[in-house]
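Sequences and hints are given; from them, build the entire structure.
Taken in sequence, the protein lines are chains R and A. Using this note's numbering, you'd call the opening residue of the first sequence number 1 and step up by one each time. Using this note's numbering, you'd call the opening residue of the second sequence number 1001 and step up by one each time.
I should point out that these hints are in silico values taken from the structure, not numbers from a laboratory. Be aware that one or more of the hints could be misleading.
[Stated by the list, open to error] Here are some chain R residues the structure puts well away from chain A; computed CB gaps all over 10 Å:
(1) 13
(2) 112
(3) 114
(4) 116
[Unchecked claim] Sample of chain R residues facing chain A (criterion: CB under 7 Å; computed from the structure):
(5) 61
(6) 64
(7) 67
(8) 69
(9) 76
(10) 79
(11) 94
(12) 101
(13) 104
[As the list claims (entries may be wrong)] Calculated Cβ distances over 10 Å to all of chain A for the following chain R residues:
(14) 9
(15) 44
(16) 45
(17) 81
(18) 83
(19) 91
(20) 98
The beta carbon of each residue, even a glycine, is placed where N, CA and C say it ideally should be.
2 protein chains.
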Amino acid sequence: MDPAFDALQPLTVSELARRTGVAPSALRFYEAQGLLHAERSAAGHRRYPRAVIRRVAFIIFAQRLGLSLAEIRAALDQLPRDRVPTGDDWQRLTHTWHARIAERIAELERLRRGLTDCIGCGCLSLDSCRILNPFDQAARHGPGPRYWLGDPCPAQ
Amino acid sequence: MDPAFDALQPLTVSELARRTGVAPSALRFYEAQGLLHAERSAAGHRRYPRAVIRRVAFIIFAQRLGLSLAEIRAALDQLPRDRVPTGDDWQRLTHTWHARIAERIAELERLRRGLTDCIGCGCLSLDSCRILNPFDQAARHGPGPRYWLGDPCPAQ
DNA sequence: CTAATTGTTGAAGTGCGATTGAAGTCAATA
DNA sequence: TATTGACTTCAATCGCACTTCAACAATTAG
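Okay, structure coming up:
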């Protein structure tokens, strides 16, 4: 009998992969990075408690919001280790993300505006146009600063 | 005299870097990838026509929208080679991006909703919840499919 | 003239987020 | 018993977007 039919059994890596859409190789990678943990069967196979699905969902959400795995790990480390996290536990983690989402939406709206006002228009204001969010960009580590310097576009 | 003061002179790589916020190494990399082209001075130094600023702006915008350099190159290849692109030329390129931005904003709003409805809530609906956009995800090449399968969350 | 600055090239290195492959283990089935 | 299939580990590799480095050439300031 397919163990996936038994809602009380822990999940194998391929079952978890099927349920989350995340490849088994990625799940193992996440475990190596400390984002997931699994019990082991007698044969050394991973056995995931069902609560791990929510954890993987969290990882996917966070990635879509642009967080790195290191950041996601730091967030997940805030969860209680001694019990299954409650809805409140999860909500505390995602509390600050609403602001993050709002910022990203705002940036997209600036981008949309920039498409017409600065890229699309025939003016030469690009030299002195600020469309991309400097704060957003300054927060980026590593390669490619990419902030647009100067004063607002005269077209605005 | 600083040649940057002369609005009619072509730009050196460091001037272009300063005006766009893109590192010289990145500008050279873009040239190697076929996204930019430059005339050369007698000494073999790059001389960018001023119109290249708009081109770099386009690259930055496109990157923030999640396009790869290969995709951006394909878009830029649509521009006329025999003359400086007009506003209309640029707008034709960015035409489809408005839809792209709208989709991404919609995804962020689903994500925001999912934070409360599915991650944060105490229900067990995650097993059968679809928050992340399957179409978006299916469009992703390479690693990490990450689509959420199944029926909509009962909480919705 | 000298020294600093800015530029050139090609190759190699970096960081992230994985995937892939080789070699081996284990349980169930033909 | 043999084989199939799912799993294990560890190391290597990949794709992307760059950055860094070494060695050298040219320009510019004092």
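Taking the hints in turn, this is what the structure says about them:
At the 10 Å boundary, the C-beta of residue 13 of chain R stays outside the reach of chain A, the nearest C-beta of that chain being 15 Å off. Chain A draws residue 112 of chain R into its interface by the beta-carbon criterion, the shortest separation being 5 Å against a cut-off of 10 Å. Under the 10 Å C-beta cut-off, the non-interface status given to residue 114 of chain R relative to chain A is violated; the minimum distance is some 6 Å. Here residue 116 of chain R does not stay apart from chain A, with its beta-carbon only about 8 Å from theirs, under the 10 Å limit.
Interface restraint check: residue 61 of chain R against chain A, minimum CB-CB distance 6 Å, threshold 7 Å, status holds. With its C-beta approaching chain A no nearer than about 6 Å, residue 64 of chain R sits inside the 7 Å limit, and its interface hint holds. Checking residue 67 of chain R against chain A: minimum C-beta separation of about 12 Å lies over 7 Å; hint violated. Interface restraint check: residue 69 of chain R against chain A, minimum CB-CB distance 11 Å, threshold 7 Å, status violated.
For residue 76 of chain R, the interface hint is violated, since its Cβ never comes within 7 Å of a Cβ in chain A; the closest pair sits about 12 Å apart. Interface restraint check: residue 79 of chain R against chain A, minimum CB-CB distance 12 Å, threshold 7 Å, status violated. Hint on residue 94 of chain R holds. Least Cβ distance to chain A is approximately 5 Å, under the 7 Å limit. Interface restraint check: residue 101 of chain R against chain A, minimum CB-CB distance 5 Å, threshold 7 Å, status holds.
Residue-level restraint check for residue 104 of chain R holds (minimum Cβ-Cβ distance to chain A is 6 Å; threshold 7 Å). Under the 10 Å C-beta cut-off, the non-interface status given to residue 9 of chain R relative to chain A holds; the minimum distance is some 14 Å. Against chain A, the non-interface label of residue 44 of chain R holds: every CB pair exceeds 10 Å, the least being about 26 Å. Separation of residue 45 of chain R from chain A is adequate, the least Cβ-Cβ distance of about 21 Å exceeding the 10 Å criterion.
At the 10 Å boundary, the C-beta of residue 81 of chain R stays outside the reach of chain A, the nearest C-beta of that chain being 19 Å off. Consistency note on residue 83 of chain R: stated as away from chain A, and its beta-carbon is indeed over 10 Å from all of that chain's, at 13 Å minimum. With 10 Å as the threshold on Cβ separation, the claim that residue 91 of chain R sits away from chain A is violated: the shortest Cβ distance comes to roughly 4 Å. The non-interface label for residue 98 of chain R is inconsistent with chain A: the shortest C-beta to C-beta separation is roughly 6 Å, within 10 Å.
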